[in-house]
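*Asks:* Listed below, chain by chain, are the residues.
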Amino acid sequence: MKNFILNRYKNNKRHYRLIFKSSLFLAPSYLGVLIFFVIPFMVVIYYSMIENPISGSFVAFENFVKVVGNNAFMKAVRNTAKFSAIAVPLAVVLSLALAVVLDSRIPLKSQMRTFFLSPMMVPVASIVLIWQVLFHYNGVINEFLQVFGADKIDWFKSEHAQIIIILLFLWKNLGYNMILFMAALGSIPKDLIEVAKLENAGNFFIFFSIKLRYLSSTILFVTIMSLINSFKVFREIYLLTGDYPYDTIYMLQHFMNNKFKSLDYQMLSAAAILMSIVMVILVAIMFAVEDRYGRDIEG
Amino acid sequence: MKKVIGFVGYLFKTVVMLSIALVFLMPIVLTITNSFMGTAEISSNYGVVFQTTQSGAKTFIAETVNLKFIPDMVSFSQYVTVLFKSPDYLLKFWNSAILVVPIVLFQLLVASFAAYGFSRHMGRWRKFIFFVYIILMLMPYQVTLVPNYLVAKWMGTLNSYLSIWLPGIFSPFAVYMLAKFMRRIPTSIIEAAKIDGAGEFKIYSQICMPICTGALFSVAMLVFIDYWNMVEQPLILLTDEEKYPLSIFLSRINSGEVGLAFAVATIYMVPGLLLFLYGEDYLVEGITNQGGVKG
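Chains as they are written, first to last, in this note's numbering: chain A, 3 to 301; chain B, 25 to 319.
Worth flagging that the hints you see were computed from the coordinates, not collected in a lab. Bear in mind the structure is a predicted one, so any value in this text is a computation, not a measurement. A hint or two may mislead.
[What the hints assert, rightly or not] If you anchor each label on the Cβ, the simulated ranges turn out as follows:
1. A:169 with B:276: 39 to 45 Å
2. B:26 with A:214: 22 to 28 Å
3. A:208 with B:47: 25 to 31 Å
4. B:31 with A:280: 49 to 55 Å
5. B:276 with A:208: 49 to 55 Å
6. A:60 with B:223: 48 to 54 Å
7. B:234 with A:154: 55 to 61 Å
Ideal placement from N, C-alpha and C gives every residue a C-beta, glycine not left out.
Generate coordinates for the entire structure from the input sequences, incorporating the hints supplied.
*Replies:* Okay, structure coming up:
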């Protein structure tokens, strides 16, 4: 086969040899991704459209209707959506603010960068204890609140549980986002800013009209990464509150775990497909927005 | 006057940033300092947090939680117990290491091959495949765990570490990162090596890898911390709790040996923190390299 190709395209011999040889390097990864992700994902699509694996009768979208009609699933979707809708914008805006300040004239820059980045390299499981101590009903935060005359809050077993999770999420992710923004801020052409300053542009104008446009692709990336990480927040919730969290922090992963326990493949598959579709749509929307906003810069 | 305002702003900015930075550091520092408390001190300070599992017999438990920065008496007794007297924790730590280290090493190996392949030639088809890799990378665990579970069931690897190793090793994350880096290696270097008679494998191992050492290390750190943190996969793919990594086990420590918890937590932090202290610059470089999906 190889010889055949080489003879037929003698002119392109080198080109095809390169493709062939580099394919050898790609083969292990292709094979693994195919076996462990792509093929089973096809099966998941198949499973989501049949009644059960034994009979295999085709029911089209019945499973999807069942999932969407499931109370637990909808609760998980609502909670996850609410969490992401609050935590992701906060993570983007706050980390951008940190990056802008650290980018300006300030002492101890590199030490502060280290401080902000360190939570990222610490496993959540290790600091969960301290969070439990801080937010305990008789804990430090509540005592602090009482000093100002506020009532004690049962942090883990009330509507406030989401606040703790958001704080933990921000604590863990701000440093990472901040690094991305600092790199992007550093790559904005200096002379552009100088010219703007010479023309008497204010700091606000420089930030919103010049810097933000250069940052648009980084904002997109940070938003996508924060979104992905916001789906991972189950870890924090599980480690903090165990198998049975308060209602408002019952996330999609909790739902999936329960379905894994009952081995309800149809539910699982339909839920997974729905989630992946939503994920792709969200990312596509973000790309489209960035494409419009940052067009004149990248060209 | 303008100068004075500028200086006040500078001072204000510094103070605010410093205090935020310290708040960020606090949970880590507190965990470490508290690990040097004796058992009695811990249960008198934090006993109430874990009260649900402790009988009311212990009257010395205070009503409120006393958060302490520095223990009254520095004691290494917790560490002695963890390291020498109760092997359970060390076993779980070992589980974590056994789970994570092969994934990091082999994912890097497979990914460095693949990234080299992508960097040597990127036709229409490969662009499409690379796009598929990116889509896969963006999928949350809630989605990828279902296919992972199915494969493990077919292969009969449920409840064995293989069910976590194999999808981890072929995860597209490192491929994406390394491919982005390798694309920047000037082709002139590779052409020059070719003229000197080097084969593709030689170019990969003798030229590409040495250039990529920093990138490899930074990707290794990101992969390591992601899997060191793992919770979702063992919960679903392993049924035998004996096999769980320390990350899950730590959250269940409440029932009983509260005193040890901080020491175990600190030990669990050490590998990540050491990597961070040694390779912060690599990490920053790796994150920076990650930016911009379009690349």
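*Asks:* Go through the numbered hints given earlier and state which of them the structure violates, listing their numbers in rising order.
*Replies:* 1
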